[in-house]
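Chains A and B, in that order, are what the protein sequence lines are. Just so you know, the working numbering puts 145 at position 145 of the first sequence, and the rest follows in order with no gaps. For the working numbering, count along the second sequence from 1 and bump the result up by 257.
There may be inaccurate statements among the hints.
To be verified - Derived SDA-like pairs (lysine to any residue); straight-line CA-CA distance at most 25 Å:
{"id": "1", "chain 1": "B", "residue 1": "Lys310", "chain 2": "A", "residue 2": "Glu194"}
{"id": "2", "chain 1": "B", "residue 1": "Lys310", "chain 2": "B", "residue 2": "Ile397"}
{"id": "3", "chain 1": "B", "residue 1": "Lys310", "chain 2": "A", "residue 2": "Phe79"}
To be verified - Have a look at the derived ranges for each label pair, beta carbon to beta carbon:
{"id": "4", "chain 1": "B", "residue 1": "Gln285", "chain 2": "A", "residue 2": "Leu18", "range": "38 to 44 Å"}
{"id": "5", "chain 1": "B", "residue 1": "Val298", "chain 2": "A", "residue 2": "Gly108", "range": "48 to 54 Å"}
{"id": "6", "chain 1": "B", "residue 1": "Glu374", "chain 2": "A", "residue 2": "Ala198", "range": "42 to 48 Å"}
No lab work stands behind these hints: they were computed from the structure. Every residue, glycine too, gets a C-beta built ideally from N, C-alpha and C.
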Amino acid sequence: MNTLRKLGFRAYSFIVHLGRMAVFLGAIALNTVRPPWRLRRFAGELFDVGVLSLAIVCLSGATVGAVLGLQGYTTLTRFGAENSLGAVVGLSLVRELGPVLTALLVTGRAGSAMAAEIASMVTTEQLDGLRMMSIDPIHFVVTPKALAMLVAMPMLNALFIGFALFGGYLVGVQLLGVDGGTYVTSMENAITLEDDVAGTLLKSVIFGALVGLIATYRGYTSEASSSGVSAATTGTVVTGSVAILLFDYVITALWGV
Amino acid sequence: MQPSPVRDLVLGLFVAAGLGAIAYLSIQVGGVSYTGDGGLVLYATFDEIGGLKARAPVAIAGVTVGQVRSVELDELLRARVEMEVDAALELPIDSSAGIRTQGLLGDQFIAVDPGGEIDMLASGDEFEYTESALSIERLIGRFVQDSGVDSE
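In isolation and in its complexed conformation, chain A is listed as follows (with noise of 0.2 Å):
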């Protein structure tokens, strides 16, 4: 009796938190349009998103771009269709690995230590300060940081789709073998702009949303102790992978990209 009355209270809250997130995220598309345009903070924020991402989302692409180059080349060699390792790892970055896996890294490097600050923010009631001083938090914390998540994505994903298709040209033409023009052609006849550029730019705006609103949320709905900073820094990390990968379900299944 007391497992199920648990449980119906964890789908309780589950519930509550939705409700609230959306309440949360329609003051943050209000705050957005609201004057003053906080565009320093802006600025700051992304240069702590973007910037600081930078060498983790580089690495990454690389070494992920050059793995698919050796996979993929092992496997097409069996049925003696090399030639296509261009399409084959440029589609899959494009259209899948690109945008998932920079969402995921982005996520334990930035929206973590996005949901860390304003945490430790309420718990030193930084936040109370600034509305004692009748500064909105939510207008002068929280938008900056969700919308510079927001911006931040999409560069941060083709940057690491642009490293990877360096990686994967690298392993598959210098080290492999495969002809350089037949890679490059391949990948650029396989990949379309209107379906596949378009559809890695929409998924990684769509991410960038998500995580940013998950981790300004965690972040400002926590409770004002440290167990409740460790709290709003981990519930980020894995709400926002799993949400990460069930919208990349959805927008697949939605519009194919």
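Using the hints provided, position chain B relative to the given structure of chain A.
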């Protein structure tokens, strides 16, 4: 947050790199390899095009010189292929276009065999001689049918 010129510079570099990567993906990887307008537009009509699709390459002697723009059915229920090739290309009017396959499992493309006439094809012209895609199913079917007739 204090204004800092160095941070702004790095941020600007990041934004430029990000937008550059998006542009690279859209134009170089996703876009057309032969720039939109200004190319020589040619038409060819085939009985059977197999798996030929838009963006398939057009090649002369194995060198890619253009790509297929669109494939549609004409009023005589034949496949009409619109292709765009390099504007600087001078093709005699008796050149022929055929649909070939790259390797055994490769994609289909249009191979152009230049003719010997003095007059050249202009934009909007149609290939007089075409060679349809080779359908392995049809070949096998014909072979089976023929051998059946022989044994009777």
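Cross-check of the supplied hints:
Between Lys310 (chain B) and Glu194 (chain A), the direct Cα distance comes to roughly 16 Å. Compliance with the 25 Å bound is thereby established for this hinted pair. About 24 Å separates the Cα atoms of Lys310 (chain B) and Ile397 (chain B), which keeps this hinted pair within 25 Å; it holds. Simply put, Lys310 (chain B) and Phe79 (chain A) have alpha-carbon atoms about 23 Å apart, close enough for the 25 Å limit, and the pair holds. Between Gln285 (chain B) and Leu18 (chain A) the beta carbons are some 41 Å apart, a value that agrees with the proposed interval 38 to 44 Å.
Judged by the Cβ atoms, the range 48 to 54 Å given for Val298 (chain B) and Gly108 (chain A) holds: they are separated by roughly 51 Å. Take Glu374 (chain B) and Ala198 (chain A): their Cβ atoms lie about 44 Å apart, and the range 42 to 48 Å holds.
Hint violations for this structure: none, all hints satisfied.
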